[in-house]
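A.B. asks: Work out the full structure, taking the sequences as your base and the hints as a guide.
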Amino acid sequence: MTELELSGITVRFGGLTALQDVGLAVGPHQVHGVIGPNGAGKTTLFNVACGFVQPDSGHVVRRGERVERLRPRDLPGLGMARTLQGLGLFDRMTVLDNVMVGADHHARSGFLGSLLALPRAGADERALRDRALRVLDDLGVASYADRFPPSLPYPIRKRVALARALVSEPDLLLLDEPASGLSAGEMDELGDLVRALTARMSVLLVEHHMDLVMRVCDEITVLDFGKVIAHGTPDEVRNDPAVLAAYLGEDVH
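For the sequence shown, full-length UniProt numbering gives the first residue as 1, with consecutive numbering after it.
To be clear, the hints were calculated from the coordinates, so they are not data collected in a lab. Treat the hints with care, as some may be off.
[To be verified] Taking CB as the label site, the calculated pair distances span: (1) Gly27 x Asp74: 17 to 23 Å; (2) Ser57 x Asp146: 45 to 51 Å; (3) Thr17 x His231: 17 to 23 Å; (4) Glu65 x Glu169: 16 to 22 Å; (5) Asp138 x Asp235: 30 to 36 Å; (6) Gly14 x Gly140: 40 to 46 Å; (7) Arg73 x Leu244: 37 to 43 Å; (8) Gly140 x Arg12: 41 to 47 Å; (9) Ser143 x His231: 37 to 43 Å; (10) Val67 x Tyr247: 28 to 34 Å.
By construction, the Cβ of each residue, glycine as well, lies at the ideal position given by its N, Cα and C atoms.
C.D. replies: So this is what it looks like as structure tokens:
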């Protein structure tokens with residue numbers, strides 16, 4: 001059974017067709033990459049998988065069950081988490097508090113319990129704090145737990161955003177251009193981290209850094225002008241004439 005399947009996805013914005021009959025499947029403990037030239041539809045497809053965009057046709061299937069009208073708020077309950085290009089960290093919250101936000105759905109007493117200062121709420125908050133610290137430590141940024149995001153270098157903030165997604169302990173992680181703004185060495189570290197994550201989850205990766213994609217992905221789907229033009233292993237995609245033509249700006253017949 002696949003972890004995530006997008007089938008027959010078509011998205012239109014007015015007279016523009018951003019995606020046309022696009023499909024892909026993410027297998028268990030697999031990194032599935034989505035690549036393509038600028039304007040190919042990568043971000044739109046990612047937003048469909050996250051529930052930010054509702055497709056005009058097609059459907060999203062999570063572990064064999066169709067998800068009707070997926071919304072971002074539904075992701076934790078489906079065992080999914082995502083990062084975004086813009087990080088989305090709260091500047092006036094510490095790193096630790098930012099990460100704890102990502103795990104808040106684990107707290108059984110919820111927000112109301114916190115307001116009422118119920119005993120269960122205090123235990124939940126301590127458990128969330130411990131989980132967040134562990135994830136920050138795993139990513140090598142626990143020393144920044146009490147700092148505020150604006151005071152941190154961009155690569156550190158990227159790890160904090162990743163920690164916020166991982167703290168929910170997802171089975172499926174959606175990564176939107178995680179390598180943007182990173183140096184070559186930092187990308188190598190990211191690649192090692194993404195591969196290590198497959199021991200406990202699957203990953204859907206949207207990325208334009210080809211070296212990273214070819215290194216970490218088990219399968220790759222290639223988009224161009226909103227359509228799938230190739231799919232396969234890194235070696236198969238690397239040598240596909242349609243992929244080469246799309247990136248070189250040539251016509252393919």
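A.B. asks: Confirm or reject each hint.
C.D. replies: Against the structure, the hints:
no., hint, result
1, Gly27 x Asp74: 17 to 23 Å, "holds, 22 Å"
2, Ser57 x Asp146: 45 to 51 Å, "holds, 48 Å"
3, Thr17 x His231: 17 to 23 Å, "holds, 20 Å"
4, Glu65 x Glu169: 16 to 22 Å, "holds, 20 Å"
5, Asp138 x Asp235: 30 to 36 Å, "holds, 31 Å"
6, Gly14 x Gly140: 40 to 46 Å, "holds, 45 Å"
7, Arg73 x Leu244: 37 to 43 Å, "holds, 41 Å"
8, Gly140 x Arg12: 41 to 47 Å, "holds, 43 Å"
9, Ser143 x His231: 37 to 43 Å, "holds, 42 Å"
10, Val67 x Tyr247: 28 to 34 Å, "holds, 33 Å"
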